[in-house]
Structure formats: structure tokens, C-alpha cells
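> Here the protein sequences come in this chain order: V and H.
At position 52 of the first sequence (counting the first as 1) the number is 52 in our numbering, and the numbers step up by one without a gap.
Take the position in the second sequence, starting the count at 1, then add 111; the result is the number in our numbering.
Read the hints as simulated data drawn from the structure, not as lab findings.
Be aware that a few hints might be false.
As the list claims (entries may be wrong) - In silico DMTMM-like pairs for lysine to aspartate or glutamate, Cα to Cα no more than 25 Å straight-line: (1) V:98 to H:155; (2) V:15 to V:79; (3) V:98 to H:212; (4) V:9 to H:197.
Remember, predicted model here, so these are calculated numbers, not experimental data.
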Amino acid sequence: AQRVTQPEKLLSVFKGAPVELKCNYSYSGSPELFWYVQYSRQRLQLLLRHISRESIKGFTADLNKGETSFHLKKPFAQEEDSAMYYCALSGTTSGTYKYIFGTGTRLKVLA
Amino acid sequence: DTGVSQNPRHKITKRGQNVTFRCDPISEHNRLYWYRQTLGQGPEFLTYFQNEAQLEKSRLLSDRFSAERPKGSFSTLEIQRTEQGDSAMYLCASSLGGGYEDIQYFGAGTRLSVL
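Let's have the full structure, built from the sequences with the hints guiding it.
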């Protein structure tokens, strides 16, 4: 089955602590992986995608094809990082496009 | 505002009624997507358009659901004979359409409540 798994519904960390939001995927093919973020009272927006290999707002994510993971990391959490984070993948299977989101992880950064 | 626009923002309807939602994508974007999101879940893909052509439909999109994108601009999603299980946030997104690595830009959504 093709799916994206985010095992943690809620992750609470203290300001300045490292953050790791986990994402595992199951997909037959070579998907593109994304992290989307939704801040309070704002719309869903892209945080970063694997193909760009960027660091956005101090966040990075490395695609591990062996472990089929795309964990999101930040060395020092800030209060403004508190938000809902969704891991997502897109790709094609037999010419059919697939867009699959995980169930999301709520990150709370405590002062 | 050059972002994706969705109307209405909220819709309350009685079971059995038909509802229609509208999505205006970013003007130069060729692709338009519809998702449904229920509480505690991530967005679930419903369908997408490349210009005016509807290229993919999820099994979630029952016969009561229909989507159109006439002229490749705005899109409408209609739900006929609504059921309580249709209560959800309906999200629209658009992208340039270069490939599956596209960045999707989301609207604020239409929240449907079926009483």
C-alpha cells in the first residue's frame, strides 16, 4: 500500500532543543517528498522539498531511500516553529499521479 | 491577493441538499487540485486538473461528487445529496504544472457542515 506515516501526533520540545519530526513512506517508485506546514490561522504552505535540498527556517530533511524516511530536523527549536507539520509525497505509478499526505504532527515549542 | 481563493469559507447545509464550492487558482497555474481534510487527518487527494482536463480522480470521489474546470481557470466542486459523512474541510491547491515535483499552493479551504 502507498502511504505516508507520521507516527507522532504531538511533539513538545523546549525552546532551543533539537527537533526531529519523523516521516516514513511506502511507495513503489521514486517519489518526490515534501514537508508542508500550517501555522495557526494560516493556510497550508510548503516548508521544503527534497528535490531542492534547501534549508528553510533552519529546517532540513534528508531522504533515506534505504529506510524510506524523510525526517524533518532543526537543531534549535524556536517558539515560532509551533505549528502543524505534514509530510507528503507525490509521484507516478503506471502513469497515474499520486499525492499522499501524512496525518500530521503538531509541534509545540515551549518557552 | 494573488493566492488561491476559495468560496465560500463556510457552508452549513442539511442532509440531502446539494452544495457547490468554487476555487480560483493562481492565474498562471495550469494544475488545480481538490483535497478533503477531516479532523485529525491530513489532506486526502480527491481529483486534479491539468488546464481544463480532469486527469485523476480518487476512489474517495463517489458518484455524488463532481468537479469541473471550464476554460482551465476557476474550478467548482459539487456534492449532490450531501451526507453527514461529507462534513469536512475541502481544500483547493494549484501548481505551475511542471511535474510531480511541483509546489502546491493551497487555499484557505471551505468548511462544510452537513446537519
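> Now tell me, hint by hint, if it's right for this structure.
These are the hints, each one checked on the structure:
1. For the suggested pair residue 98 of chain V and residue 155 of chain H, the alpha carbons sit about 11 Å apart, so the restraint of at most 25 Å is met.
2. As the CA atoms of residue 15 of chain V and residue 79 of chain V are separated by approximately 6 Å, the hinted pair is consistent with the 25 Å bound.
3. Between residue 98 of chain V and residue 212 of chain H the CA atoms are separated by roughly 11 Å; this keeps the pair inside 25 Å, and the hint holds.
4. Pair hint residue 9 of chain V plus residue 197 of chain H holds up; C-alpha atoms about 24 Å apart against a cutoff of 25 Å.
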